[in-house]
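Construct all of the structure, not just a fragment, from the sequences and the given hints.
4 protein chains.
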Amino acid sequence: MPADYRRIADFLKAAVAGRPPEDLARLQPHQREVAARVSGGGGTAPDAIDARWALPDLPETARPLLCDTRTRDEAAQYERNIEQFIGIARVPVGLIGPLRVNGMFAHRDYYVPLATTEATLVASYARGARLVTEAGGCTTLVVNEGVSRAPGFAFDTVVDAALFIAWTTTQWDDFRRVAAGTTRHGELVDLEVTLEGNHAYLGFEFTTGDASGQNMVTLATQAICAYIEAQSPVTPKYYFLEANLSGDKKATARSFLGVRGRKVTAEVRLPAALVEQRLHTTPERMVDYWRMSALGGVMSGSLGVQGHYANGLAALFIASGQDAATVAEAAVGVTRFERLDDGGLYAAVTLPNVIVGTIGGGTGLPTQRACLEIMGLHGSGHARALAEVATAVALAGELSISGALAAGQFAEAHRRLARERQPRDARDTPPA
Amino acid sequence: MPADYRRIADFLKAAVAGRPPEDLARLQPHQREVAARVSGGGGTAPDAIDARWALPDLPETARPLLCDTRTRDEAAQYERNIEQFIGIARVPVGLIGPLRVNGMFAHRDYYVPLATTEATLVASYARGARLVTEAGGCTTLVVNEGVSRAPGFAFDTVVDAALFIAWTTTQWDDFRRVAAGTTRHGELVDLEVTLEGNHAYLGFEFTTGDASGQNMVTLATQAICAYIEAQSPVTPKYYFLEANLSGDKKATARSFLGVRGRKVTAEVRLPAALVEQRLHTTPERMVDYWRMSALGGVMSGSLGVQGHYANGLAALFIASGQDAATVAEAAVGVTRFERLDDGGLYAAVTLPNVIVGTIGGGTGLPTQRACLEIMGLHGSGHARALAEVATAVALAGELSISGALAAGQFAEAHRRLARERQPRDARDTPPA
Amino acid sequence: MPADYRRIADFLKAAVAGRPPEDLARLQPHQREVAARVSGGGGTAPDAIDARWALPDLPETARPLLCDTRTRDEAAQYERNIEQFIGIARVPVGLIGPLRVNGMFAHRDYYVPLATTEATLVASYARGARLVTEAGGCTTLVVNEGVSRAPGFAFDTVVDAALFIAWTTTQWDDFRRVAAGTTRHGELVDLEVTLEGNHAYLGFEFTTGDASGQNMVTLATQAICAYIEAQSPVTPKYYFLEANLSGDKKATARSFLGVRGRKVTAEVRLPAALVEQRLHTTPERMVDYWRMSALGGVMSGSLGVQGHYANGLAALFIASGQDAATVAEAAVGVTRFERLDDGGLYAAVTLPNVIVGTIGGGTGLPTQRACLEIMGLHGSGHARALAEVATAVALAGELSISGALAAGQFAEAHRRLARERQPRDARDTPPA
Amino acid sequence: MPADYRRIADFLKAAVAGRPPEDLARLQPHQREVAARVSGGGGTAPDAIDARWALPDLPETARPLLCDTRTRDEAAQYERNIEQFIGIARVPVGLIGPLRVNGMFAHRDYYVPLATTEATLVASYARGARLVTEAGGCTTLVVNEGVSRAPGFAFDTVVDAALFIAWTTTQWDDFRRVAAGTTRHGELVDLEVTLEGNHAYLGFEFTTGDASGQNMVTLATQAICAYIEAQSPVTPKYYFLEANLSGDKKATARSFLGVRGRKVTAEVRLPAALVEQRLHTTPERMVDYWRMSALGGVMSGSLGVQGHYANGLAALFIASGQDAATVAEAAVGVTRFERLDDGGLYAAVTLPNVIVGTIGGGTGLPTQRACLEIMGLHGSGHARALAEVATAVALAGELSISGALAAGQFAEAHRRLARERQPRDARDTPPA
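Protein chains in written order, with our numbering: chain A, 3 to 434; chain B, 3 to 434; chain C, 3 to 434; chain D, 3 to 434.
Hints may contain errors.
Identical chains blur together in the list; that is why a pair holds if it fits in one copy or across any two.
What the hints assert, rightly or not - Pairs of lysine to any residue, SDA-like flavour, derived with a Cα cap of 20 Å: (1) K239 x A225; (2) K239 x D343; (3) K239 x W169; (4) K239 x R271; (5) K239 x A409; (6) K239 x A156; (7) K239 x L342; (8) K239 x G345; (9) K239 x H282; (10) K239 x Y348; (11) K239 x G378; (12) K239 x Y229; (13) K239 x T159; (14) K239 x E286; (15) K239 x L60; (16) K239 x Q411; (17) K239 x D290; (18) K239 x D158; (19) K239 x G410; (20) K239 x H187; (21) K239 x G346; (22) K239 x R341; (23) K239 x A228; (24) K239 x R371.
Please keep in mind that the hints were generated in silico from the structure rather than gathered at the bench.
See below:
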């Protein structure tokens, strides 16, 4: 995170060095009177909600927007998903489709709801979906699945740590049995071991059925750790249930090289005429764009090479009750464009960390469930299909945004949409 | 993305090899009749909304949840932020605080709204906020700011590309003037140049005032590119407005090493007694956890080392109208715990890519604006403060989750919350 | 690889833009008469050597230095290791030790020859070796081994690619048999499969006995590819024997997360008094240094965190006939310092890519063999021990250089050595 | 560094768990009698050399190979480059060329000496050089230069650290003056600042004339640090002269994104007929190979995408007296192949970290100087040209190895060379 001194100099001079002493003083910790604390008790009960809104400093205008009467009355439905509830954030949803997906698990024309506040996002994905569908749809394939949890164990010596690891590799059946006792849906399917000096990390890898599974693997791993504590011939000095080798909620080489959630690939073949008609460019120029942007990605030091998976994934995840924080890990992968012998365009995306569920988490909440039902993907038996649809959405987005950049329309779309919609009194508000 | 053959074998056998021919056939593109397309016209007008809901395959149960009468009537307020609108996703909001922030731009006790569907997230951040506040608050400091856009230009030879770059380095004043003509809030502040063979990439870096600025930098860069097209003594064979070197919407080494949005650092000092009282562990064990998890992060190949910035950032971003896709780039940084000479715990987080705005984007929508107003951070003049609050939230979260792991409570919290709230008929639903 | 425009401007102006046309002209390709080509024929025969030295433009002073009479006479001994031989590079060798290694494969006090032209390198490693030895030696442990070769196969569709992968996962026994037919020392031990759109990469992982094995795995993989060509039910459009997923000769996350050559960990415990006596600093300050430099490494975007493995590894590799290019892949890993409860210092290094051999390659050449014999590690049965010694050397180097930096002696050592040795007529030559 | 438990299980069982107690005991540190220590005194004086060879455990056969009479007599010439000298490692040198380089600094037909013990390496680079030369040579361009040193400073609070950084940004002229007092060849040209909590890292970037410069920047930075100690208005708790943010001796994103040594790009255009004649493949297939291997590199998590820069760089560095450990940092970059409109092949390599010198270090030693003289690049004024030649060598190597892989000859070359040269009594030695 280095910064050129010329640029940072102004900033720090303004922010720190040039400030009067009283300004610097406000950077100090202090024990002046603390405002009243938000109550953690009472869950979503109306009284508890009222108590939270009674905090002295909250603006009066906020409550009717976040918590109208109906929301207050129906708050109990959020009881399992939130603490210290004060209301509802409303995120607009746009619908795209049909998106034809020819997958092993997802195979039909899908309407896909996308929740976002970013102008042009839905329009861009809608264009990509149309293109994919007019080409006969994209082929999608889940090729691997798994979610890991990685406890770490500290020993006195590397010998103890190695003896411990050697022992764990003999406990596979017991680990599976213990894990199975905590869940009917998850299954321990792999174990990775890492020795670093006198530290041993275990990477338990589970399938998690139709749940995204982060909680499931935590509980199963805790049970395994309890078993280890009781049975291990070598006692760790201390251990932690998660030692940050699992890639949870962040982009990591480990997850990118392996799998987290589902690994899915999607491909489509676009005739040259279709590229010209819908994207106003040519397969050649799309490949030129891919080449330059792939190396741009490489030179930016990204994991994989891609354009904007995060846009579509975040919008789909928010709409369908996924954990939005997993965008950090899911939005990695490889996009490839190639010219076909017949002059058309081959396009493929491969996303190794599509971590989604169709049960558990936020999937049962009202609008989230409705969005899953629009896709026909709510409840048991649909998680792999949802992973395939998410990957097809990513492919549609890559085609549309690359097409806009290849055709020189990228800024145009943003400008037109921004201008058309500009309400009069917001003229000074810059688009963002 | 390699996978051990033993594990992938089952998957691919089931998914592909072992399937009957008719199953494989469904992976082929086909031109069978396509379902009706979602209408892009009409914006958020009631008729346009009705037309979309009239699509044949949408489930009847979905509309009342996503688009009740009031939503349909008030849809115009989303006109600038969404296309193909069909309704509203409702995401529950929990409130944490007070979180005492002693920053140069943010300096008071904040109540922070977090929108999430993940149980325990709000409770965990609330605990962290309490801890920070009881310690007298955290010090926060914005240390740099900027958002980049990176067009790429292709030439015949490396000599032409180098002559082009040499020319651009003489055009600084004109580039600034041209950029200034497109925005009153943004300013071109830096230029980076990259030569790769006969390809030249330019990295234009802007400050963007109180907007997150992705759109602003696109329009300014397009104007600069038009100027370049008109003035350059060397004509590119082709060029693209964005060649993927800007780190937009993805975790990259380039943004991590530089800045994207704001770079902010936050620190707090926790007396040992406070750690023991609130986290039920000791500063020593917290440092043990940090050491093992920092190296776990290193061995996972993450950018920086941290626990779960994405949880708090995603929840704050959704609540406050930020672009949720930017979680992919924002959730990187460095967390450091260290033991103080007085036996207490020093904790710091440094996030180089906090890309947030308090105007533009989704910040003017009803609930989003309300959430910003709860923090006193809506509108002009507040973006740096919001970046500091976001970083303070990240610090609070790191302390709470590390504390839970250090104290062995991590799984416990998940289990207790899951159990307490389990509705009777969901007993079979695994927590996720 | 972006560069700030202010800095690059001068360079490119000088290098390109400000040059007269005749200077730019010299950047063009041209077909002017080409000098005589170095003969590839004749191997190391005296006549062939003479013919090469008869090329018109070679300086007369060079031959006696590179190829004296004895070298010319004994050239045949290099016949298997070099083409277009013209003589011998002489690299000075320093000896360090004893270095006490308490490993499973290496367990004695070693004298280690290091070939380098960098002043202070040998002295620094000697100091580290003394420290390790006085502490009772370091424990070393090989924890995994393997070398991979990764062919890539292109198909028309993702379905074909997946069918191909599914088939390969059924051919394990045949792949092993075919590989076994090409080598008596190597063994196919694992297979990783990667699907990216319609491309399939196979990662064949071998043990290679006491050879470093890059050539062995190439020949074995070629045999497997011939088998695949003959047997596969799905025919690739084309394939390549190595598609760059093996990490050969470069630092990669994949090799860092897995193994290439041997993965070895080494640890040592240093009493506080010993740290003070030999390093003139304290365990506390060593840990302070580790913390700050580990995060420095993280913020530099390195693979793993370490100081200077490359120094010791390069010197050992050149001395002992290893492939010096593998320094690029071998010099990654994790160094950890920690304070012990008794006030001492715990230090560990873990290197996952120690790719060395004691037979084949350059190990049989005269001085290279002599250096291996000094360590008692020439020939069959010693590769694992050599990997442990290399890792112990890396540990010794980390301790010494960290100690110099922690004690503020880093520059001092360089200055003193540079000054003492400065011959009179080289006063103007800067040390480098 | 995780490993599948099935694979590591055997290893650890054999290595640790299954061993008898006496074997495990040998992993313990112990204070049994230590062998005699190699003497650090006496430098390269004949007596000192004799004393080292008199150590009891050295094999008698080694001395005549490493240190014959002449070497012992001439040892003084190595005095400034090595400690604890015992003799000379002999590495065979092959000559390739002519390699036509059309650079701004290097512009002629070069013969290039390569020191290696790896069979086929020289032959492969010779083929590539011939190809480049027959195409009219490659264009090369140095586009940036610099070497950094990065001290780290610890403070009590982030405010102190920020005040410190703000102060340093006002000291530019003094820092330059102080640095200039330590060297006549180097110049401070840039400063980067990094704030991480209460830690401040400064990145001093220097040009180093014709020396590779690592030592020069160390001494200059130490002088600056002394100035800082004396002048800074904020006193650090402690600081270290190098805090691992400089990328010294390792592959880092920071150096890859910036420059370390010289950043150089090289390009060549190959007519289709030439590709077919010399590489026995077509430009199309070369591009197919590039595409698949570039994505292979991406999926391996390398920095940049390339084949085998390390081979040529290591061989050139050893021959010409460079620091061989810098292969770890130098062997990163971007290779790009593209089809030209005329059916030919465009190829470019860009290496941002070519850290070489033509004075200082090992460049003045006998054979090293001779090798530089063969290229006409010894002494002042040649470092940029050497960087261009090194990059041209890398380009030649990429073309040759990619051609071999594209044409299916990769294994063939290794096998043929291995077989032809196999001496009778080495039949059992596997090639490596």
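Right, here's what the structure says about each hint:
1. Taking the shortest Cα distances, K239 and A225 sit within 20 Å of each other inside one copy (19 Å), while across copies they are farther apart (45 Å).
2. Only between protomers do K239 and D343 lie at most 20 Å apart by alpha-carbon distance; the minimum there is 12 Å, versus 62 Å within a single protomer.
3. Taking the shortest Cα distances, K239 and W169 sit within 20 Å of each other inside one copy (17 Å), while across copies they are farther apart (45 Å).
4. When the C-alpha separation of K239 and R271 is checked against a cutoff of 20 Å, the pair qualifies only between copies, where the shortest distance is 17 Å, while the shortest distance within a copy is 57 Å.
5. With identical chains, the CA atoms of K239 and A409 are at most 20 Å apart between copies only, with a shortest distance of 14 Å across copies and 61 Å within one.
6. Taking the shortest alpha-carbon separations for K239 and A156, only the intra-copy value of 6 Å comes in at or below 20 Å, while the best inter-copy value is 30 Å.
7. Within a single copy, K239 and L342 get their C-alpha atoms only as close as 59 Å, which misses the 20 Å cut-off; across copies the closest is 12 Å, which meets it.
8. When the C-alpha separation of K239 and G345 is checked against a cutoff of 20 Å, the pair qualifies only between copies, where the shortest distance is 17 Å, while the shortest distance within a copy is 64 Å.
9. Within a single copy, K239 and H282 get their C-alpha atoms only as close as 64 Å, which misses the 20 Å cut-off; across copies the closest is 18 Å, which meets it.
10. In this homomeric assembly, K239 and Y348 come within 20 Å of each other (Cα to Cα) only across copies, at 15 Å, whereas the closest approach inside a single copy is 55 Å.
11. Neither within a single protomer nor between protomers do K239 and G378 lie at most 20 Å apart by alpha-carbon distance, with minima of 50 Å and 37 Å respectively.
12. In the homo-oligomer, the alpha carbons of K239 and Y229 lie at most 20 Å apart inside one protomer (16 Å), although the nearest pairing across protomers, at 45 Å, exceeds that limit.
13. In this assembly of identical chains, K239 and T159 lie within 20 Å of each other by CA distance solely inside one copy; the values are 10 Å within and 32 Å between copies.
14. In the homo-oligomer, the alpha carbons of K239 and E286 lie at most 20 Å apart only across protomers (13 Å), although the nearest pairing inside one protomer, at 61 Å, exceeds that limit.
15. Taking CA atoms no more than 20 Å apart as the test, K239 paired with L60 passes in neither setting, with 47 Å inside one copy and 42 Å between copies.
16. In this assembly of identical chains, the alpha carbons of K239 and Q411 lie at most 20 Å apart only when taken from different copies (18 Å versus 60 Å within one copy).
17. Only between protomers do K239 and D290 lie at most 20 Å apart by alpha-carbon distance; the minimum there is 11 Å, versus 56 Å within a single protomer.
18. Taking CA atoms no more than 20 Å apart as the test, K239 paired with D158 passes inside one copy only; the shortest distance there is 7 Å, against 31 Å between copies.
19. With identical chains, the CA atoms of K239 and G410 are at most 20 Å apart between copies only, with a shortest distance of 14 Å across copies and 61 Å within one.
20. In this homomeric assembly, K239 and H187 never come within 20 Å of each other (Cα to Cα): the closest approach is 33 Å inside a single copy and 41 Å across copies.
21. Within a single copy, K239 and G346 get their C-alpha atoms only as close as 61 Å, which misses the 20 Å cut-off; across copies the closest is 17 Å, which meets it.
22. For a Cα distance limit of 20 Å, the shortest separation of K239 from R341 across copies, 14 Å, qualifies, whereas the shortest one inside one copy, 58 Å, does not.
23. In this homomeric assembly, K239 and A228 come within 20 Å of each other (Cα to Cα) only inside a single copy, at 15 Å, whereas the closest approach across copies is 43 Å.
24. In the homo-oligomer, the alpha carbons of K239 and R371 never lie at most 20 Å apart, since the shortest distance is 46 Å inside one protomer and 44 Å across protomers.
Hints 11, 15, 20 and 24, counting from the list given before, are not met by this structure.
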